[in-house]
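Chains A and B, in that order, are what the protein sequence lines are.
Just so you know, the first sequence maps onto residues 0 to 242 in numbering that gives the first Met the number 0.
Just so you know, the second sequence maps onto residues 0 to 257 in numbering that gives the first Met the number 0.
Just so you know, the hints here were simulated from the structure itself, not pulled from any lab data.
Check the hints yourself; a few may be wrong.
Unchecked claim - Straight line, CA to CA, 27 Å or less: simulated DSSO-like cross-link-like pairs of lysine-lysine:
hint	chain 1	residue 1	chain 2	residue 2
1	B	Lys71	A	Lys155
2	A	Lys154	B	Lys71
3	A	Lys134	A	Lys155
4	B	Lys140	A	Lys5
5	A	Lys134	B	Lys256
6	B	Lys71	A	Lys78
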Amino acid sequence: MFSDTKPWLRYHATCGGQHSIDGPAVSLENVTLGYPGNQEPILQSLNLTLGRGRCVSLVGDNGAGKSTLLKSLAGLLSKRAGEMKILGHAVGKCHHQVSYLPQHREIDWSFPINVRRFVATGAYIHLGWFRRSGKTELERAEAILDNLQLLDLGKKRLNELSGGQQQRVLLARTLLHGAELLLLDEPLNAVDAENRARLIEALHALKAEGKTMLIATHDLDFGAGFFDASYRVGEGTAKEEPA
Amino acid sequence: MQRALVAGTLAGVNCAAIGVYIVQRRMSFFGGALSHTVLPGMVFAFLRGIDIFWGALAAALATAFGVGWLVKRREVSEDAAIGVFLSGMFALGILMMSQVNSFRDFNALLFGSVLGVTPADLGLTAIVTLITLGTLFAYHKELELASIDPEYAQVIGARPNQLRTLLLALTALSVVTAVRVVGALMATALLITPAAAALLWARSIVGAMLIATGISVFSAVCGLIVSYHYDLSSGASIVLTATACFGLSWLLRVVLKR
Chain A
0 MFSDTKPWLR YHATCGGQHS IDGPAVSLEN VTLGYPGNQE PILQSLNLTL
50 GRGRCVSLVG DNGAGKSTLL KSLAGLLSKR AGEMKILGHA VGKCHHQVSY
100 LPQHREIDWS FPINVRRFVA TGAYIHLGWF RRSGKTELER AEAILDNLQL
150 LDLGKKRLNE LSGGQQQRVL LARTLLHGAE LLLLDEPLNA VDAENRARLI
200 EALHALKAEG KTMLIATHDL DFGAGFFDAS YRVGEGTAKE EPA
Chain B
0 MQRALVAGTL AGVNCAAIGV YIVQRRMSFF GGALSHTVLP GMVFAFLRGI
50 DIFWGALAAA LATAFGVGWL VKRREVSEDA AIGVFLSGMF ALGILMMSQV
100 NSFRDFNALL FGSVLGVTPA DLGLTAIVTL ITLGTLFAYH KELELASIDP
150 EYAQVIGARP NQLRTLLLAL TALSVVTAVR VVGALMATAL LITPAAAALL
200 WARSIVGAML IATGISVFSA VCGLIVSYHY DLSSGASIVL TATACFGLSW
250 LLRVVLKR
């Protein structure tokens, strides 16, 4: 999507286009994860392989470790042990190919910024330090907003949107990032029926494009054939559930 | 008087621009603490015959990085760490002051002495303004993103923790320029009040900075003129003008919202 955009100075989480085409989207071998300052690990001896183009759900109780796993894959938490690879790279080396949709509560929705400019932040990884969003990035942001039927809201402030609209705006930013691997943390949480239907439609379109998705969710009703597999996270580990 | 107006305006610009981030990121307590913790540095510099700018800057940076270090170790929460530093540093300043015969010498440190600003002070304040505005311009999109969604900023490698440290250092610099104008006890007001008033209205962070700067510069000029004509404390006059602007802004917002 941004092959014509050259950063002046890349952010440190990019490989500069040296993509590895071999290897699965996600590969975890005997991984132990936990939060700094807390000796007790959240997940341990974790083994998981996610092939490219697959959509996998992470299910489990609150606090079981679904978000911990996604945060670790996104490079927000360091692993304590084991080997963790994303698209053939160590975590944090190729993040223009990895996008992360955080939980709704992680964002400061009161920040004074309009929807169009917020969505354009999805292009920052391709711009790097000091380069500003130009006409191209804003036009791409508008095209994605149009796709998600959010164009009318482009000039509204984030705190003028409903919770469901905010969730769709977050997805719009994730789409502009243009990553191959999407890590989505509760994308349908607290979303009304209309916004939910639009979000699911957009996720199906991403699956059709061949994107790889790892989705932490309490709600598996994403439509027939969406998930290729499901992992139950709990009791310190994650196990694939029978189909 | 002319120098005082320029110094007040420059300090107002610095504090308003950086204050918008401080208020939006809910770091007002930290900003307030910084203006009090500069006291021992200023007293030390005063007693040693050094420009108080350098003493204040050293104390402000020590607070910014000291709190950051303590919080990073995770044994103490940020607000507790700020509270400990604030009271400890302020008490140290008072203790150092008590070693001197007369407290009157320190009036300028506590309550500001904008009418006593020298050309050298103006030069330093102008340099701080250039550094602050230049840095905010250069890192605008990263500071904005790290304020809205620090996790996503970290995912893409935009280093939100380092940006926070940068913001604290710029805050320390801005507070030091404000201390000269309104004194250690009221410098918080220049940092927080115009920004809080602006954020009630602004639809973008740049818009908020412009409104806050307008309020800040108006308060500095208006406060100075009033204090000059009615022989009042210049620092208090500036701060009360800014407070009145906030009050009006808030009232208008409440009325229009109905």
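Which numbered hints does this structure break? 1, 2 and 5
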